[in-house]
Amino acid sequence: MIKDGKNRFSRLIQPVFVGMIYLFLYLPIIVMVLFSFNKSRISVRWEGFSLYWYQKLFQTPEILDALRVSLVVAFFATVLSVVIGTLFVVASVWKKSDYMSWIFYGNILLPEIVMAIGILSIFTFFQIPLGYLSLITGHTIIGLGFVIPVVRARFVELDPILTEASLDLGATYGQTFRKVLFPLLLPSIVASSLLVFTLSLDDFMIAFFCSGPKIQTLSVYVYSMIKGGVDPTINAISAIFLALSSLLILILSYLKVLDLVVSNE
Amino acid sequence: MNNLFNSLKNFYDEWYPKVVIIGVYLLIIAGFLYSPRVFEYFSNEQSINVYAFTEFVSSEAVKEFEHETGIKVRIQYFEFNEELYAKFKINHGEGYDLITPSDYMVEMMRKDGMLQEIDHSKLSNIKELDSRLLGKYFDPENKYSIPICWLVYGIVYDRDIVGPNFKQANLGMLFKDPWDLVISDVVNKHYRVCMAQDPRDMVYLAAIYLYGRTKNLTDVELAQIQDLLSKQKSWVESYTDAGTPYFLTGGIASVALISNHRMKKLQEISNKFIFQIPKDGSIMVIENIAIPVKTKKSDLVHKFIDFLISKKIAMLHANLYGTNSSNISVFNEKVAENSNFFPKDTMFDKLHLINNEISLDRVDSIWLGVRFS
Amino acid sequence: MKTLRKIFSEEIAFVFSCPALLWECIFLYLPLLVLALYSCFEFSAQTNSWVFTLHYYRQVFHSLYFRVILNSLKLAFTATLICFTIAYPVAYFLAIKVQKRFRTFLLFSLILPSWTSLVVQIYAWFFLLEQDGLVSRTLHWIGLIPKSMHLLNNYFSIMVGLVSCFLPFMILPIYVILDKMDPRLLEASADLGADKIETFKRIIFPLSLPGVYTGFLLVFVPVFGEFAIPSLLGGSTYVVWGSLIVDKFLRARDWPFGSALAIIGIMLFVLIILSCVAIRNLVKRLRGVN
Amino acid sequence: MKSIRFENVSKSFDGELILDRLNLEIPAGRFFALLGPSGCGKTTVLRILAGLDAVDSGKIFLGDQDVTNQPIYTRSINTVFQQYALFPHLTVFENVAYSMRVKGIKEDEVKERVYEVLKMARLFGHESKYPRSLSGGQQQRVALARAIVNRPEVLLLDEPLAALDLKLKEEMLLEMIDLQYKLKTTFVYVTHDQFEALTVADKMAIMNTNGGIEQIGTPKQIYEFPASRFVANFVGNTNIIEGKLGQSEQGQVVEVDGLGLFSVYVTPEKSAINSSSSVYMSIRPEKIFISKKERSEFSNHLQGTVVDIIYYGRSTQYNVKLKNGLRLMVFEQNEEHFPQESIDYDDNVHLYFQKENIVLLEC
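Chains as they are written, first to last, in my numbering: chain Z, 5 to 269; chain Y, 42 to 414; chain G, 7 to 296; chain H, 5 to 367.
Treat each hint with caution, since some may be false.
[What the hints assert, rightly or not] The list that follows gives simulated cross-link-like pairs (lysine to aspartate or glutamate, EDC-like), each with its CA atoms no further than 20 Å apart: (1) Y:Lys59 x G:Glu17; (2) Z:Lys218 x Y:Glu101; (3) Z:Lys60 x Y:Glu309; (4) Y:Lys130 x G:Glu48; (5) Z:Lys183 x H:Glu131; (6) G:Lys186 x Z:Glu161; (7) Y:Lys306 x Z:Glu51; (8) Y:Lys113 x Z:Glu66; (9) H:Lys133 x H:Glu120; (10) Z:Lys99 x H:Asp18; (11) Z:Lys99 x G:Glu17.
[As the list claims (entries may be wrong)] A partial selection of chain G residues facing chain Z, derived with a Cβ cut-off under 8 Å: (12) Phe22; (13) Trp29; (14) Glu30; (15) Leu36; (16) Val96; (17) Ser170; (18) Val227.
[Stated by the list, open to error] In silico contact screen, one side only, chain H against chain Z (beta carbon under 8 Å); selected entries: (19) Ala54; (20) Tyr77; (21) Phe85; (22) Lys107.
Keep in mind that the hints were calculated from the coordinates and are not lab data.
Backbone N, C-alpha and C fix where the C-beta goes; we use that ideal spot for every residue, glycine too.
With the hints as constraints, model all of the structure from the sequences given.
Here's what the structure looks like:
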């Protein structure tokens, strides 16, 4: 009996620990959502339920604009870095010129401020207008640093045996990529896309320096609001964004798309 | 000779295609990056791009201006003057049509030739400006800048902590050891302090406390300032702007350095706190509008400036943000409403502007020393 | 592989790899080179020309700045270590203990918090950690602390912020490796008489090391360069490398010095990594000899 | 159905010469086995043939056509890979249909041929399963089906049965022989397992560790008349005794130190061997008769002591130590149902064999 009890205890301790860690990660999120419904102007005391900040949010076009800019930039930066990153991986693995891959570690190693200043000086030097494109360019650099290692790891795992089998069966390189490698690389591509998307949304430095006078991303907007403490409208938009992305994830997981990302098959 | 020719030819054969490929890609990338220029060329939208402090140009005002004139205004916000300067330093502020530098920044930008002269004749509301804010050191003839509002730093304290002996807030509340104040019965309990985020403010404030001036500080004096700030660190809770309300309302700090417009917000949450301008003087900041030298939309910008300093908008902003308006009639009205937040005329002389005498490098090295002491 | 090489022709490979490489060179290495040049040249007004100087590097080494860098390394290392300690059991649990159908959901809920702005999360911690905040009260209730405590503006709050923001980046790579592990290995180990702890020590952990290294990099590097969390949650009482650089570039506009700081920080970091690798190889070789 | 010819093919990896001017002819429409120890370069031969590796020099002909520089996907050669290399994301049907689909063959025909092949490979009913849910033998058959569905001229099999158990292996070998007989395609079977090679091949080649061909012939020729010590040793078990060729009144003899004279029969092909030169004698263990009794009908006779007895089921192996210390291996057919003389450890035994059973090999 005693042994059984001990077993039950040790069986419980792990889920409880993991649960606590999840709680730890979600605490700030819960607080944020809570305060988006708070009457008070400063997120420090609960003063009663109110939808005021949501109402205000939809009357503040800058925030919605900023959110739109963030999403557009993140989307295109993700697509661009995935496409050119995957092309690079294909070429470097098939040509066995792996030595080139190390240069992409720089993207992860450099502090973002250095990258941002660097990109801005190059853009200014060449008189390139700042705006969506400069942001996409900068975020693509960040993205490449993640896409290439992630996709490459998967590619090396698959190659060469499946590539050879496919070529042997009469498929050309293009067909081999489309019909064999791409479906098998898809999990890593989706995973790295999610990563790049997240990083692009969160990035402040490049967004701050390279956005130019006409647009700003949500992260920059949020940062510029810091001085007065976080405006609850920021909480509101974060809550909405969070709700939307949770919904997306629920739908995707219902459609079993996510299993594709997680499984190794 | 033949050999050399062959090796050259091999080199050429090998690299020729690659150079072509690289060239094509560079063209594509360039086309991609420069494409906005093309759209820009064809668009003749009437618009101005504003780069402003977070709390000085409201979206309400912008909406009204757009409605009145049909000119589109895009605003971006910055937090520190230095961000503005850094951006302008790199790309000469290209694309921005209106900026709001603080006093000392106007001087720096003016000296660096980043600002355009302002045509006063185009500003119908210029006579309404508070004359006390004009002709300051950073722009003696206001050729390059027009004040939009101003702030003063004061001391906010929890009314519970002061004892019967206490009359008027002074800088000693920030710089003297709270234990000493408890012992000498000025305050009745020990407290912690919140200071501002910008180290520059800290250094100048300490100079006012120690020497009553912010000019001609010697190296010895600067070293003393560093000592003072280092000592002060032990009772400082945080050097923050945004966090101050949290720490005050949370009971973590009882005394803080705060600007009068931020105090207004604090007042809205809690009435436990009293705001006073220290009797030994304080720092004031004049926020200005200026026009970057590169803008081509000077006419539109002048319209917008005139709009911003008009009584209606100045009133709107004063109500919204609690800043001291540069429009004299608005300011007087506000003072009449609630004199607590505004310096009295007698105090005005004791308010110091930040200047560029102490280089930022110097400030930073003092600051690093403080934080590492 | 030579035929693959022949048919997947040199030209096509070049065409494929060019965009990424060009992008990288133009927008990362070219600017970096410019900054590096900045850090070792000084404009001399007398000769009206640029003069080579190591002045800025000397300045970094001879002052508090170097201590700041070392401190940030220490901070990053501690945060990474804490992340690792927490992340490993979580990753282990997700990869080995959880049923497959819940796994996807749990993994994605791990990433979800990082889709909200960092600053917003940090401000939420403000509320949680203050004097009468949730955390302090809970700790008091459990009995860990004698009375409700003020948990902000210190090392603790910085750590809480760092760990909560970067934990997922440690969990995911470890999870990926553990998930791939062949369960037969565990059976084989058990069969050979190893108990659970021994199996973990000798099989699971060594095999999961690549994931640990990746996680280490993914956490250590950004924490090392992080400036927002230490300055917001540390009440500006902690100076870190990231905020020094931001200060130098943004506020002081001392670009050469900022570049020198950045370069020395990166060098130091790379040096640490390299020496770790070297030590590992040395240990391996020594073991091999014995 | 085409023949294959390697002409002076050389190939090196990382500066190490794997194949050195290899010449090899593989006859059309036959089951050809390439047997060699691990790492001898036989897989390289296969990969070169498939087009997965390029040659450094030399030429490869498929029929009369030079395919040396032909891209892999245009060669009418298909491979069954050692680890099968089935596409994990495709079903059995899709895997088999792959080669036709990439060629753009009409879907009706694809369907028809895939089902035909699946039936042949006894995979009918599994077509919508994914490879990972199949057993090893089934995966093997999918790989095979996938490779033959497009009716290649040549089918390459790279140690296809390495991962299967013995019973399944034997079954599969017979199936493959059947298949080759039906298809009449040229099969090239690479293996290091002599049993597989001897079973399936119409003709086989033995490669040595240096990537050279030691001998080509039918399995019988290879086994009974090995051309070199390497082949004799590698294919099946054998006893090698070194001696000196000489002449005596009984005919040709080999003189071995400590054992005296062995009478041998020199086949016409071996007549080139010089008298009084050193030679190896190879005697297969099953060709040696072991007995405790004296017999007189054999041309060679030795005496020794039994040191090991290994019971194999169908036969028993005796290791016999001769008086000069040499050990010989002897196989004896088992027969326990009739009374038989029993041989035990440390028994003194007589070994007999005919001179025709000795294969002379040059040193």
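| query | Which numbered conditions among the earlier hints are violated in the structure presented, ordered from lowest to highest? | reply | none
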